[in-house]
Amino acid sequence: SSGINAEWPIRPGVEAVCQVEGGPKYKIQLRGQAALVQYSFDKHFINFGEVHYDQIAVAEIELFNEGRIPLDYSTMSTCDGSKPQPGELTVTPVEMGQIPPFSSRKLVIRYYPGVPAKFDKLFKVQVAHFEPDVIQVVGEGVFPRIKLDLPRYGDQDGMYAGFLTEAHEALNIEEPNCAPLALSGRSKPSGKASSKYSESGLNASFPSEDLLECEAERLMVKRFAENLIVGPQPVEPVRGKKKKPKAHLADYFLDFGHVVAGNTCSQTLNVTNNGFFPVSFSVDRSVIVGSGFFLGLDRVRQLPPGETLSFNVTFDPKSIDQGVHSAIVPFNIIGGPIFSLRMQAHVTMPDLFVSSDTLDFGDVKCGECCIITIQLFNNNQVPCSWNSRPSSAAKKEKSTDCDSALIPLL
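Taking the numbering used here, the leading residue of the sequence shown gets 1440, the next gets one more, and so forth.
Please note that the accuracy of each hint is not assured.
In silico PhoX-like pairs for lysine-lysine, Cα to Cα no more than 25 Å straight-line [what the hints assert, rightly or not]:
| id | residue 1 | residue 2 |
| --- | --- | --- |
| 1 | Lys-1560 | Lys-1545 |
| 2 | Lys-1560 | Lys-1482 |
| 3 | Lys-1661 | Lys-1560 |
| 4 | Lys-1522 | Lys-1661 |
| 5 | Lys-1522 | Lys-1685 |
| 6 | Lys-1557 | Lys-1685 |
| 7 | Lys-1563 | Lys-1482 |
| 8 | Lys-1757 | Lys-1522 |
| 9 | Lys-1557 | Lys-1661 |
| 10 | Lys-1482 | Lys-1522 |
| 11 | Lys-1557 | Lys-1757 |
| 12 | Lys-1557 | Lys-1522 |
| 13 | Lys-1464 | Lys-1522 |
| 14 | Lys-1482 | Lys-1464 |
| 15 | Lys-1522 | Lys-1545 |
| 16 | Lys-1661 | Lys-1685 |
Here are the simulated distance ranges between beta carbons [as the list claims (entries may be wrong)]:
| id | residue 1 | residue 2 | range |
| --- | --- | --- | --- |
| 17 | Phe-1800 | Asp-1588 | 54 to 62 Å |
| 18 | Asp-1694 | Ser-1721 | 40 to 48 Å |
| 19 | Arg-1662 | Ser-1794 | 58 to 66 Å |
The hints are simulated quantities; they were obtained by calculation from the structure and are not laboratory data. Remember, it's a predicted structure, so these values are computed and weren't measured experimentally. Note that the Cβ used here is the ideal one computed from N, Cα and C, for glycine as well.
Hey, can you work out the whole structure from these sequences and the hints?
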């Protein structure tokens, strides 16, 4: 055996002579070169941006061997396998490896957020005898979402009110996890929604109602994800998707108020994608068949972020009894949570009450006029139109009809 011990940039060369007893001599040329260990990463910072909280985010980094000698490396990862658990980061390949001279090796990083929240993770790669290189991985787990321009329907247990209180406290510390572009349902940004809010919105002492609802929804989905005893298996984006449990958000409430029997009323609503990705959703209209309510919305596919879609909700009390009528329509967001639209209408009939139904003028002197005042009352919640017409006996005399209307008595 032979060896060489050289220092950079020395390139030694010697000649060795091998003497064979009773035989010839053999000359062997020995040459070598000292080389530096040189390597580089294409990046030390990975920003996943906004990713679905219940799916695995995948990225790659590349390690280059820029030297003349093989390069040993190890990922120093405590997790093995390519399917991380919620909140866990994995790097493959996980075993030690060697990169030939002037070659490279790709490392695959996978992260499964598990909850809709921001994340900041670190992992190390040991290369040769050098100090480990630190790779930072950041991003934010989000979910598809939409909003209606309606008030929320408060739950009896007060859970939604509790989430609103928690959201108010959170907004004083950090930014909410939703796109700011469509919180009002009016503006339309160019390109992908930014995760940054306007300075005025962040510095406000009292966050707007839209921001509070947005953050409260995130907290509700986060609580749902954390409370799953057996959560959904993390899946990478593929065509075939398994059915997974869904979080239920607070419902919206649409009140038509008092509706006169026989009259049809309609309201125009707006649904806005206030998330970061195109969203698809469906409305189960089969549950309101025969209720008198009708939604002019069925399925929506790939509604872009920040876009608003208008639709009509109609209530027709035809063949509907008087009284309060209500219906609940589920909105199912593909890959996201579920909420319902609660509708209510009070079917009524106009009614008129007269202070006196008998008028007794008594004896009236010829040439004088006697006036009696009566009062008409509308005690219902809808306007009441009325008219006065002469009796059949009085039709022979000159008379005129009188038409008028009474507003509801508040």
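Taking the hints in turn, this is what the structure says about them:
1. Of the supplied pair hints, the one linking Lys-1560 and Lys-1545 holds, its CA atoms being roughly 19 Å apart against a limit of 25 Å.
2. Note on Lys-1560 and Lys-1482: the hinted pairing holds, with a Cα-Cα distance of about 15 Å set against a maximum of 25 Å.
3. Our distance criterion of 25 Å between C-alpha atoms is met by Lys-1661 and Lys-1560, whose separation comes to about 19 Å.
4. For the hint linking Lys-1522 to Lys-1661, the alpha-carbon distance of about 21 Å falls within 25 Å, and the restraint holds.
5. A hinted pair counts as satisfied when its Cα atoms are at most 25 Å apart, and Lys-1522 with Lys-1685 qualifies at roughly 21 Å.
6. Simply put, Lys-1557 and Lys-1685 have alpha-carbon atoms about 21 Å apart, close enough for the 25 Å limit, and the pair holds.
7. With a C-alpha separation of about 13 Å, the suggested pairing of Lys-1563 with Lys-1482 holds against the 25 Å cut-off.
8. About 57 Å separates the Cα atoms of Lys-1757 and Lys-1522, which puts this hinted pair outside 25 Å; it is violated.
9. At most 25 Å may separate the alpha-carbon atoms for a hinted pair to count; Lys-1557 and Lys-1661 meet this at roughly 12 Å.
10. Proposed proximity of Lys-1482 and Lys-1522 is supported: the alpha carbons are some 23 Å apart, at most 25 Å.
11. Restraint check for Lys-1557 and Lys-1757: not satisfied, since their Cα atoms lie roughly 51 Å apart, outside the 25 Å limit.
12. This hinted pair checks out: Lys-1557 and Lys-1522 have alpha carbons roughly 20 Å apart, not beyond 25 Å.
13. Annotation: proposed proximity of Lys-1464 to Lys-1522 is violated, straight-line Cα distance about 63 Å (limit 25 Å).
14. Of the pairs offered as hints, the one joining Lys-1482 and Lys-1464 is violated, with about 55 Å between alpha carbons and a cut-off of 25 Å exceeded.
15. Taking the CA atoms of Lys-1522 and Lys-1545, the gap is about 18 Å. The hint holds against a cut of 25 Å.
16. A distance of roughly 12 Å separates the Cα atoms of Lys-1661 and Lys-1685; the hinted pair therefore holds under the 25 Å criterion.
17. Distance hint for Phe-1800 and Asp-1588: a CB-CB separation of about 58 Å, consistent with the stated range 54 to 62 Å.
18. At roughly 24 Å, the beta carbons of Asp-1694 and Ser-1721 sit outside the given window of 40 to 48 Å.
19. A hinted range of 58 to 66 Å for the beta carbons of Arg-1662 and Ser-1794 is consistent with their spacing of about 59 Å.
In summary, the structure is inconsistent with hints 8, 11, 13, 14 and 18 from the numbered list given earlier, while agreeing with the others.
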